[in-house]
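Colleague: Going down the list, the sequences are from chains A and B.
Under my numbering, the final residue of the first sequence carries the number 753; numbering is consecutive throughout.
Under my numbering, the final residue of the second sequence carries the number 1110; numbering is consecutive throughout.
To be clear, the hints were calculated from the coordinates, so they are not data collected in a lab.
All C-beta atoms in this analysis are idealised placements derived from N, C-alpha and C, irrespective of residue type, glycine included.
Certain hints may be false.
To be verified - Here are some chain A residues pointing at chain B (derived, C-beta under 10 Å): (1) Q382; (2) N386; (3) T731; (4) K733; (5) V734; (6) A739; (7) I742; (8) G744; (9) I747.
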Amino acid sequence: MSAETILHLSAVVLLLPFLGFAILIFFSKRLPRQGDWLETGILFVGLILSVLIFAVKLGSYHDETLQTSFTWVNFGIVPGFGPMTMTLGLMVDNLAAIMVVAVYIVSSFVHLFSIGYMHGDVRYGRYFANLGLFTFSMLGIVVTNNFFMMYVFWELVGLSSYLLIGHWFEKKSASDAGKKAFIVNRVGDIGMFTGILLLFATFHTFTFETIFSAIKAGNIPLGSEAWLTAAGLLIFCGAVGKSAQFPLHVWLPDAMEGPTPVSALIHAATMVAAGVYLVARTFPMMTADALNWIAIIGAITAFIPATIAIAQNDIKKVLAYSTISQLGYMMMGLGVGAFTAGFFHLTTHAMFKAGLFLGSGSVIHAMHHALHHAGDHQTDAQDIRNLGGLRSKMPITFWTFVAYTLAISGVPFTSGFLSKDEILAGTLAYGDLTGRWYIPVIAFLSAALTAFYMFRLVILTFLGEHKDHHRFEAIRESPWTMTVPLIVFAVLCFFAFYSFNPFGASSGWFYAAMPRPETVVPASVAAAGVESFETALHHSHATAMGLSLTVAALGVLIAFLTYYWKKISADALAERLRPIYLFLVNKWYFDELYHATFVRGTIGLAKVSRWFDDVIVDGIVNGSASWIRGVTLGTKRNWGEGNLAAIFYMVVMGAISLYVGWVVGVGLMPVETSLGAMIGYALLGLAVAALTFFLFYVGVGGFDNSIVDGLVNATAYLAGFFGLLTRRLQTGKVQTYLAFVILGVMIFFLWFR
Amino acid sequence: MHNFVQWLQTPGLNHFLIISGILFSLGIFAILTRRNAIMVLMGIELVLNAANINFLAFSRFTTGTLDGQVFAIFVIILAAAEAAIALAIVLNIYQNFNTINVDEISQLRD
């Protein structure tokens, strides 16, 4: 297969879900089963094609970057800017090939799962259409070779996320969550947009490769390394929004209002991965400072949500916070320089987090049915305090869920262990190289927390006793469309898919396919090079593995002690540490903080703007209108006496009138003139001034009404009057006319005597 | 009174002019006051004849040539032609309006 064929195939793979979207959005009502088979079928065809691309790319073109471009628009030489050409194109490198397969695996199985989960939904067809649109947008981000298309698809992802979160928009909380996700993302996107413009202004191109080679050639924005760092951080802003990094992580937990398969697809596996993908894409242009910030943001994001997840009782909220925490891990991995590990974790996490969400969806689905069966509409199906003991009723869901949990906690022989261990080793190496030891400390702490809250979730959901015996009897395992995806994702948690050595990812195909790209930034601001990083990594590898196993085991042990064997009372502990507990339950008060500052601030700004619009802008508009009214209708009719505006108007008009009089009087006066003539001209000027003022007073309209119209009317009246007079003479009698003729002749005689 | 009788006894240009003036005035008077179109035409004849008298009188008392008479003959011919046409018009008016009262023939008025 030639390189060209791969690129063509990638275009086909990109457009297939869009085709499904276009058909379903218009015709889903007319298709049998509202077209779910069509969209799902398309996705599985795409999955096969993407695996083909992946296999050929890594098999035959392992170290090449395949790309194709075309000039979309050429504006020629733009004044003040230079040549402006927009080039679009596709690119398939190993990063994209792996990502395309990851997106397709998750997306296609989420489609399959949705057939069961969304059965009988009010907007079943539109739901599948939107899933297709989302997949299309995500693939667009992956296979593009320029910032321009990246940004377009980036926003399309935001849009489809909004549509899917708000799928049940009749619920206020769902529509609010959709808006929140969209707006918070927009905050980050503004940074990304600015960054892209900065790069475009400097390099006059959007293409990654051209920009990187230009930076490598020593051409950097505004000639300063600080601006290069700024450009990198601005691009990173977009990733902060999309990947729910601190401080813009607040939208993701709310996004759980969407249907659970959507949470699995968008808010666990793909859309939130877009930010990580973006940083991986732009990794070569990140300076050491930028990477430090990425690592710090990632570490904070890994830690804070992990603490929040401990105290949450909603099964999806726990998973949401765990997602944010894991995304923080990925960012931290990229930031510390463990490029491959960060992206590796993205891939493995996509599989097990999609599985976790689908598993929770399966549980919620079963609970809904049981609650519906019992006629109970009060109990929250997602609250883990209402769950428990589901193991015997839902064995497939339980065992697959355990597999995912083991993976996310970093237990050996799972994919999660491989990737997490590499990130942790990377943070240790980073601490070694830079002396910033707080990053690895936070990383290991978060790893322990992750193991703890994930096992807490499993124990409370599947083990122990169910509260309501009657309800418990009605719970059934989900249909095959839902269990098959669960099994597939569980299988993909096995280490052998990524590396044949269960304790070393670096010997697997993934590490061979994804070497850390060469940095292109000037050496003075570059992060530690690949060689020194590898050396440090080598030193810290054994330590990292030992530590990560220890913390994971510790977390699991505490979880079992607390929730299974009940040796530690969680309630008593929460009571004793009540302030901390409340702090965690309320998610560190981020929502309240943002509400008090940004939301209030925005509303306040809106109020000020409104006041400005109402009073100042409208005042100018209405004021000018009433001045024109005053000029046309005259002062007297427009304003009553004592009105300040009227007085002001009169004063101004008086001044203007005097000026006009002065100009006329002095303008007409000859240079040499007698005193009498001077007095005459002065009087003339005064008369003109008086007339002008009179005109202002009665207004132009008054002048028109009284003087102009008066003249016209008077002429007409006179004509009419004489007409009436002479009409009398028109008797129609010949003799009268003759008499006039004679009279006329006689008058002539007298006249010319 | 004596002077007046004396003035009458010595006829000159003024006498003819006065006669002509009286005749003219009578003609005008007839034109303006008669309702009958025929009468109006007769008034016109009077006016024309007043003019004839003037021609003759001026001719006799100024140059003494026959210019005046020649003019007068022209005028008489003209008057005959005018009377013929005017009577034809009057006849037509009568056929159209069934009257020759000039006051009632006012259709040209607005």
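Colleague: Would you mind marking each hint as holding or not holding in the structure?
Modeller: Here's how the hints hold up against the structure:
1. Q382: Where the cut-off is 10 Å and the nearest Cβ of chain B is about 99 Å from A/Q382, the hint is violated.
2. N386: At 105 Å from the nearest chain B Cβ, A/N386 fails the 10 Å test, so the hint is violated.
3. T731: holds, 7 Å
4. K733: The hint holds - A/K733 has a Cβ within 10 Å of chain B, the shortest such distance being about 6 Å.
5. V734: holds, 6 Å
6. A739: holds, 6 Å
7. I742: holds, 6 Å
8. G744: Status violated, d = 14 Å.
9. I747: Because about 15 Å separates A/I747 from the closest Cβ in chain B, which is outside the 10 Å limit, the hint is violated.
Checked against the numbered hints above, the structure violates hints 1, 2, 8 and 9; every other hint is satisfied.
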